[in-house]
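Build out the structure end to end from the sequences listed, making use of the hints.
Order-wise, the sequence lines are chains A and B.
Heads up: the first sequence is residues 203 to 517, going by our numbering.
Heads up: the second sequence is residues 33 to 312, going by our numbering.
Hints were generated in silico from the structure; no laboratory data involved.
C-beta: ideal position from N, C-alpha, C; glycine also.
Check before you lean on any hint, since a few could be wrong.
[To be verified] Just a few of them, taken from the derived set where beta-carbon distance is under 10 Å, the chain A residues facing chain B: (1) F319; (2) F333; (3) A404; (4) V441.
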Amino acid sequence: MAAIDQTGGAAQAAPDRARPREKTLRRRSPALRRAFPYLLVAPAVIYLLGITLYPGAYAVYQSFYLVRFTEWIPVGFDNYVELAGDAEFWQAMLNTLLIGGIALTVECVIAMALAFFAYRDALIRGWRIAFLMPMLFMPSAVAFIWKLAFNDGRVISDLLRKLGLIEGNLDFLGNIWLARTTLIVADVWQWTPFLFIIFVAALQSQDQEVEEAARLDGASWPAIFWNISLPMIRPVIAVAVVLRGIDIMTMFTNVFILTKGTPGGMTETISYFIYRQGFQTFNFGYASAAAVVMLVITILAAQLVVKRAFKSGKT
Amino acid sequence: MAKRRKSKGDNLVLRYLVLGSWALFCLVPIVWFLSIGFRPRTEIITPTPIYWPTFSLDAWRLLLADWPIFDYLRNSVLAVTGSVVIDLILGIPAAYSLTRYEYRGRDDIGFYILSTRMMAPAIVAIPIFFLFRNLGLLDSVFALMLIYAAVNLSIVVWIIRSYMLDIPKELEDAARTDGAGDLRILWEIIIPACLPGIITASVIAAIFAINEFLFTLLIASTKNAYTMSVALANFTGGSDGVIYNAIALVSFLAFLPILVLIVLIQKHLSRGLTMGAVKG
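Right, here's the structure in full:
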């Protein structure tokens with residue numbers, strides 16, 4: 203699709219727009235005309251309120267109760283007080299930040315390095331799909347690939363032993379940092395391509411004259427990349443990292459299939475904590491209190507981070 | 033792209049070494065996992081891994097005999113297609129409203145729609161579970177359709193909005209001079225003009241829907257609603273442990289259509305994945 207200069211187009215169109223507008227105005231009442239755009243957007247907004255506002259309010263309400271089967275006993279702020287003193291909850295928070303933070307950093311660095319090597323290369327362009335393959339796998343299937351490789355099939359241990367790096371078997375899901383590493387590897391493998399393809403597209407669509415000029419001045423490619431290309435695509439990097447960050451901080455599937463939070467809750471993410479409290483111990487009020495805490499964090503992050511990233515990314 | 037001459041810091045050997053090793057890292061697990069689907073079960077979970085496979089179609093026989101695989105496939109297809117249809121019906125008018133009209137609160141509404149993308153499934157999982165239970169919709173494909181549509185609506189609106197912004201206003205104004213109403217303009221001019229965006233949005237929404245795990249896990253409890261994504265987690269044979277060859281096969285059944293869809297929209301992929309923030 204050809205890119206279109208929006209501001210130019212709008213400015214040109216402005217003078218002739220007055221007349222056709224009058225025509226539609228005559229046929230419709232002014233009230234309807236004013237309501238029309240709202241009517242168009244309303245069904246989508248109502249639908250979305252149904253899965254955000256309603257559940258949000260429900261979770262807040264439920265968080266003030268002790269739910270036992272069908273019986274709801276009001277307990278005031280007890281759930282929150284308990285949550286504040288719950289070491290497992292804080293551990294889940296910490297795990298989410300650690301695992302998510304490390305995975306996101308590693309993904310960014312690798313994707314950026316790969317993009318640096320790939321974006322000026324016509325040969326790679328045709329083979330781009332090979333780099334995307336992991337992303338096209340169902341996440342639940344990916345979790346099983348790594349479960350088999352790390353744990354059930356002992357393939358990684360065996361390969362490391364053949365290389366002479368370790369002796370005996372590594373129990374990947376039995377050791378805190380090895381289990382976390384397993385989750386990180388699974389996420390990095392699957393989602394680095396997401397960042398990679400976005401970075402490459404952004405690098406290729408920027409103005410190449412600037413790079414060319416710098417090159418003629420004798421600057422080296424790494425220097426051009428670091429000082430010119432990267433700053434130019436910063437808004438896009440922000441959008442991509444925010445989108446990836448959202449998904450990584452709500453990690454669930456891999457934890458559910460790979461570790462179930464073991465060993466000793468050290469790989470439990472906040473999403474898995476809520477799931478476990480709700481659907482395994484049926485402590486719905488308590489799980490809702492944790493969900494409300496996560497909701498507040500989400501809303502703050504949406505206001506502070508997402509709004510800014512997408513404002514600048516809008517172009 | 034313009035031809036570039038080799039310049040300082042441009043080491044081709046290093047470049048292909050780095051890209052090549054990453055490509056291997058991407059592809060080897062996939063090929064290895066595919067091979068799992070064609071090997072006997074006894075060869076997969078062993079004290080030391082067996083690298084040279086024996087060919088066997090056991091997994092296929094087992095899968096077809098013991099598991100209602102076609103039910104899973106049907107549920108996935110129905111739920112995903114239904115959710116994309118709902119998304120388009122709700123999303124196209126919303127995107128049109130957000131791009132073509134000036135009104136109070138427009139940007140806030142747009143941002144609200146975007147921000148629902150941030151909602152963690154775990155936050156709303158419990159209320160949604162109770163809601164569907166009270167409506168008697170648990171374990172139904174219809175419930176999956178509704179929830180997938182909700183999860184992806186923000187993406188669909190923002191992608192289509194981005195493509196609508198690219199349509200020159202003149203196109204619309206010409207039709208308006210001819211006396212066409214707003215809805216007719218949307219149907220006859222805007223929708224055909226942003227068809228690539230609509231297709232991109234549909235494909236990306238469909239892929240996210242195929243992959244969806246947590247909501248499906250809570251809503252589905254039998255083959256009435258199990259989709260491929262969640263059915264995988266149930267491929268366990270009791271004392272025999274996880275049935276990896278069946279998992280490998282099902283994951284490839286899902287992988288192939290996704291691959292075809294992605295190749296179809298390859299040029300629009302990065303724009304779709306960033307909800308319209310990157311063009312190109």
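*asked:* Could you work out which of the previously given hints the structure breaks and list their numbers from low to high?
replied: none
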